[in-house]
Amino acid sequence: EADIYQTPRYLVIGTGKKITLECSQTMGHDKMYWYQQDPGMELHLIHYSYGVNSTEKGDLSSESTVSRIRTEHFPLTLESARPSHTSQYLCASNQGMGTGELFFGEGSRLTVL
Amino acid sequence: KNQVEQSPQSLIILEGKNCTLQCNYTVSPFSNLRWYKQDTGRGPVSLTIMTFSENTKSNGRYTATLDADTKQSSLHITASQLSDSASYICVVSDRGSTLGRLYFGRGTQLTVWP
Numbered sequence: 017e018a019d020i021y022q023t024p025r026y027l028v029i030g031t032g033k034k035i036t037l038e039c040s041q042t043m044g045h046d047k048m049y050w051y052q053q054d055p056g057m058e059l060h061l062i063h064y065s066y067g068v069n070s071t072e073k074g075d076l077s078s079e080s081t082v083s084r085i086r087t088e089h090f091p092l093t094l095e096s097a098r099p100s101h102t103s104q105y106l107c108a109s110n111q112g113m114g115t116g117e118l119f120f121g122e123g124s125r126l127t128v129l
Numbered sequence: 427k428n429q430v431e432q433s434p435q436s437l438i439i440l441e442g443k444n445c446t447l448q449c450n451y452t453v454s455p456f457s458n459l460r461w462y463k464q465d466t467g468r469g470p471v472s473l474t475i476m477t478f479s480e481n482t483k484s485n486g487r488y489t490a491t492l493d494a495d496t497k498q499s500s501l502h503i504t505a506s507q508l509s510d511s512a513s514y515i516c517v518v519s520d521r522g523s524t525l526g527r528l529y530f531g532r533g534t535q536l537t538v539w540p
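Listed in order, the protein sequences are those of chains S and E.
With my numbering, letter number 81 in the first sequence gets 97, and the count goes up by one each step, no holes.
With my numbering, letter number 107 in the second sequence gets 533, and the count goes up by one each step, no holes.
Bound-form chain E, shown alone (with noise of 0.2 Å):
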């Protein structure tokens, strides 16, 4: 069964620490894994693609990593800032086509406190 877990589930960090949350998936064919971020009360926004032939990349202070032998992938939060408060969410395509279908995560709901 195609499945993306998250974890942890919430966290609590302090302005100015770095966090890593992380996505495991079971999603197979494996065509790409996205992280958005979702404000409160607003629609998910994407921060990263990463494709099978990626292991990291970085958008500012984002950077996302993956595993496609483990099947697992990461988003690390450098110097958190009280905007970086949201949920993120990992979404995990099985194939790149029309046909192709995307598998969401619950998310990991992220607290950053002053």
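Okay, chain S solo, but in the shape it has when bound (with noise of 0.2 Å):
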């Protein structure tokens, strides 16, 4: 079983609010991810990072940001939530080649009222 963890795995709230889906694996990879998923679609990624420091912007644009102070952290912030930010995030992580095994979390499923 892959540890990366996700926080909180449901969340429910209004439009406006500001909210942080927390990430964190201890495998120690380099690499880390961000994807959304919807019903019967496929994983879009919006965010990804390299390494400390390094983050850059995915395949499907999103108003939501990351940070990757820590290797083993990488959370991704929505200053402002809208109802058009439900949606599964899942976060990932790999080693080595970008296109090696992904290791996923449970995923966060988020709720915008």
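A portion of the hints provided could be inaccurate.
Which residues of chain S face chain E? A partial, calculated answer using Cβ under 7 Å [stated by the list, open to error]:
id	residue
1	E58
2	T115
3	E122
No wet-lab data here; the hints were simulated from the structure.
Even glycine gets a Cβ: it sits at the ideal position worked out from N, Cα and C.
Starting from two chains that each stand alone, build the complex the way the hints lay out.
This is the structure in structure tokens:
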């Protein structure tokens, strides 16, 4: 079982609230990723990091931001949540090549009312 | 355009039966192809990886095949169990490097009934 953890697992909040989704891994992986997943759709990469102080935007435009101050920690923040942000957010990590096996967290399901 | 198409979109089978899931891709250049299993409410977990030179690979009751010429892969599940109920996602990499990208299919939702 992968040692990558996401909190909260479920979050229901009102429009305009600021939220942070936490992701931590204990495998020492240098590469970390955030994916967005909607029912019946493919995973979309929204942010990635290849190491400390390195963050890049992914293929899918997102109003969220990320930070990578420590190797093991890769939080995602939404300054002002909207109903369009309702989705499942999956954090993942891997080592070596970016196309190597991804280890996923359990996901954070966000619902914005 | 690099794409990954999976079929069927959903599948219902009876416990103990076999099934085959399909993945067609147009990704080029090709590095590898992985099948992931995603249980409801959980993150995906890798089942197998197929590289260009591999035709068949097994992981317990799961057998993956790859035809790099036709750009097709299949995942065969033998003697299905209730715990096989999940979404199966095909992921193709376009090169084995830091610059490589991953292309995800939409998954096949498999339901195994008792």
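query = Which of the listed hints are not met by the structure?
reply = none
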